[in-house]
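Peer 1: Here's the letter readout for the chains.
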Amino acid sequence: MAHAATQDHHDDHHSAPKGFFRRWVMSTNHKDIGTLYLVFALTMFFIGGSFAMVIRAELFKPGLQLVQPYFFNQMTTMHALVMIFGAIMPAFVGLGNWMIPLMIGAPDMALPRMNNLSFWILPFAFLLMLSTLFLPGGGPSGGWTMYPPLSLQSSSLAYVVFAIHLMGISSIMGAINIIATILNMRAPGMDLLKMPIFVWSWLITAFLLIAVMPVLAGAVTMLLTDKYFGTNFFNAAGGGDPVLYQHIFWFFGHPEVYIMILPAFGIISEIVPTFARKPIFGYKAMVLAIAAIAFLSFIVWAHHMFAVGLPMGAEIFFMYATMLIAVPTGIKVFNWVATMWGGSMTFETPMLFAIAFIILFTLGGFSGLMMALVPADFQYHDTYFIVAHFHYVLVTGALFAIIAAAYYWLPKWTGHMYSETWGKIHFWNSVVWVNVLFFPQHFLGLAGMPRRIPDYNVAFANFNMISSIGGFLFGASQLIFIGVLIHCVFFSKKKATDRVWEGAKGLEWTVPSPAPHHTFAIAPIVRDEELAHGHVED
Amino acid sequence: MGQQQDIYYVPSRSHWPIVAAVVLFLTVFGAAHWLNAEPGDSGFGKTVITIGAIGILCMFFGWFRSVIRESLAGRYNHQVDTSFRMGMMWFIFSEVMFFGAFFGALFYLRNYSVPWLGGDGHGVLTHQFLWNHYAASWGAGGGNGPEHVGGTFGTVEPWGLPLLNTLILLTSSVTVTIAHHALRAGHRGKVLIFLGVTVLLGACFIFSQANEYMEAYRELNLTLHSGVYGATFFMLTGFHGLHVTLGTIMLAIIWLRVLAGHFNKEHHFGFEAVAWYWHFVDVVWLGLFMFVYVL
Chain A
1 MAHAATQDHH DDHHSAPKGF FRRWVMSTNH KDIGTLYLVF ALTMFFIGGS FAMVIRAELF
61 KPGLQLVQPY FFNQMTTMHA LVMIFGAIMP AFVGLGNWMI PLMIGAPDMA LPRMNNLSFW
121 ILPFAFLLML STLFLPGGGP SGGWTMYPPL SLQSSSLAYV VFAIHLMGIS SIMGAINIIA
181 TILNMRAPGM DLLKMPIFVW SWLITAFLLI AVMPVLAGAV TMLLTDKYFG TNFFNAAGGG
241 DPVLYQHIFW FFGHPEVYIM ILPAFGIISE IVPTFARKPI FGYKAMVLAI AAIAFLSFIV
301 WAHHMFAVGL PMGAEIFFMY ATMLIAVPTG IKVFNWVATM WGGSMTFETP MLFAIAFIIL
361 FTLGGFSGLM MALVPADFQY HDTYFIVAHF HYVLVTGALF AIIAAAYYWL PKWTGHMYSE
421 TWGKIHFWNS VVWVNVLFFP QHFLGLAGMP RRIPDYNVAF ANFNMISSIG GFLFGASQLI
481 FIGVLIHCVF FSKKKATDRV WEGAKGLEWT VPSPAPHHTF AIAPIVRDEE LAHGHVED
Chain B
1 MGQQQDIYYV PSRSHWPIVA AVVLFLTVFG AAHWLNAEPG DSGFGKTVIT IGAIGILCMF
61 FGWFRSVIRE SLAGRYNHQV DTSFRMGMMW FIFSEVMFFG AFFGALFYLR NYSVPWLGGD
121 GHGVLTHQFL WNHYAASWGA GGGNGPEHVG GTFGTVEPWG LPLLNTLILL TSSVTVTIAH
181 HALRAGHRGK VLIFLGVTVL LGACFIFSQA NEYMEAYREL NLTLHSGVYG ATFFMLTGFH
241 GLHVTLGTIM LAIIWLRVLA GHFNKEHHFG FEAVAWYWHF VDVVWLGLFM FVYVL
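Going down the list, the protein sequences come from chains A and B. Here the first sequence stands for residues 1 to 538, numbered as in full-length UniProt numbering. Here the second sequence stands for residues 1 to 295, numbered as in full-length UniProt numbering.
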């Protein structure tokens, strides 16, 4: 326990190291790594978004317009893989990296070097995956779920499988780090039941990640050996079953869905109390609801496979288990609304996105309930109805929460206020066009338009054109976001206060804006009145 | 400055993470290229895998060397130690889930897909229209599916080599525990003996497993291609064997570190982490012995 030991890492204790490579590539700082994650996620969001633009352009009119069907299939597959593993998940990890140590009063993440490795694996994984688009035979085209036997026909399979292995390693290490940080690094006085709900949501999400990413790794490994090493896991002639893949995949896939939404719940639970100037309604119920949703996520996977030919008993079990999820989710929505009830509300951009989240995510939840019904799902399965459903929960759900979080914490990160006017322009454009984009897809799906097909019956022409126009304008609206971010980071003259928002509570608002390179090197003394949930025992 | 001794150690910048990311990428990029290689390929993929694999070894060596140096310099306080423990525990949990995927596949194939192909329950139409001659059973005679993929095969008799392997692994779990108790009591000689025995037992297991594989391929015609029976048998035991190999290497490194005097009565998390890993590998084997060999 020598003095010399602590001496040399004190050199850069208060300012960021000089030099691009030293600061960003060799970093062990949770804030810098969080920034890397967020910038990476934003880049991937635009790459995945450009794939979506190709899809909507092709679907603008019936008939084959712009691209060949095979390339169209690569676009739908890559759009999903890039958005899920490249945009939404890294964005949440980035937010967790930045905010969890600040929220619990920790000096950094528990395992800082591993934290950096978790990030730096990702650009290489996506290099591997995106490179398949330029290889002979093209990228993966069997859908992001990679169902065999279709996915086994593509020579890009090995690249995609290995890319997924890398992403899995990254996610598991990231999740281990987050759990160790939350359980081991809290400042004295920060009891588990005083933690911000965002931290709770990440604790439970991290558990889900460690539990299911290895299962995905196992599933894609079986694909790999089936294609290249002559195993018969998914080949009926050898006693296997393609449906087995679907079971393993969705045992991962359903918790994965909640990995992409639980941190969003956490974000909304931070933002709503701040702008309603009231503590969250039903703190413990909120925490328990997240835990209940996480538990249920393990016993509902087969609702993705109702139409595949499951035994009746399984269909009934998974139908009822799925509908149970509406209970804890309903508790959350009720509590957000009850938090706003009687509050003195203001509507800054983060709050606008949060309210849009509550309304539109709930809409996505309702269409989910519709599909939980087995007999009804036989009609909706693999139509644009499911496309509309999961875009409501992932775009107006997960993505809106991420954007809300970015506006909410941007002043803390940069020390400057963003432009409220342009933030609101961004919000109104997003919220209008996203509904023009996805709402008509409900009708298309109910009328029977199948997903993942580049051409369609002329009967679907009008709604598709409306949807495509919404898509282009929603895509263009996100350029406003880039403008707001660049302005805030580099040009904004308006300094942010430490507290930033009048009603903000929690440790992250007690440090200066911008947050210094190192915070809480010595654990702060946590006082209940500083916390958003300090009085939960009452 | 007295208080700062108990500060949580946040390492300064490090080049190991980016090195790790690059070498991991090279390995899998080379592997993907190799898997898709045409006949008469220049061998580019294999070269890249080799560079990547050597890079991974160097990375582990370098990264752990800096961790060991920091540890010996006394930079890790009790709280850092707890972080390491949690990290290892959750890593082992992720490994459990990885094996869970393959055990799940085994149970599904054995209890559902093979019987359904044989006309049981809801898959009866596949049976009627495609393979109505197929009488489903598990193991030799039915476990390679209706097309008899891989030809007639025999199964490994559980009460021969597999039983021996079970005894080897169970014994090794005992010896590693004795070594741990000796370490806590400060008897370094005893630690070296019992940890050394554990390493040898691990090596014996790998040797005997290799023999079993050779026997399966040469005499039983049980191969990776023997339908789902062969696939589950070799993937489960293969991944387990890989983990035993890694565990044995880790134990050997810990043996060298004991020899170098890196551990004392209180601080020996490296030893404990590897011991946990070894017990995990042991428990997985018990599951394998039960569900792959005996039942």
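Quick caveat, the hints were computed from the structure, so don't treat them as lab data. This one's a predicted model, so the numbers in the text were calculated from it and none came from an experiment. Heads up, some of the hints might be wrong.
Some chain B residues judged to face chain A by a derived CB distance under 10 angstroms, without partners named [said to hold, decoys possible]:
| id | residue |
| --- | --- |
| 1 | 85 |
| 2 | 99 |
| 3 | 102 |
| 4 | 149 |
| 5 | 178 |
| 6 | 226 |
| 7 | 231 |
Calculated lysine to any residue pairs in the SDA-like style (CA-CA distance at most 25 angstroms, straight line) [as the list claims (entries may be wrong)]:
| id | chain 1 | residue 1 | chain 2 | residue 2 |
| --- | --- | --- | --- | --- |
| 8 | B | 46 | A | 18 |
| 9 | A | 18 | B | 223 |
| 10 | A | 18 | B | 8 |
For every residue, glycine included, the Cβ atom is placed at its ideal position computed from N, Cα and C.
Peer 1: Checking against the hints above, which ones are violated?
Peer 2: Numbers 5, 8, 9 - these are the hints that the structure violates, sorted from lowest upward.
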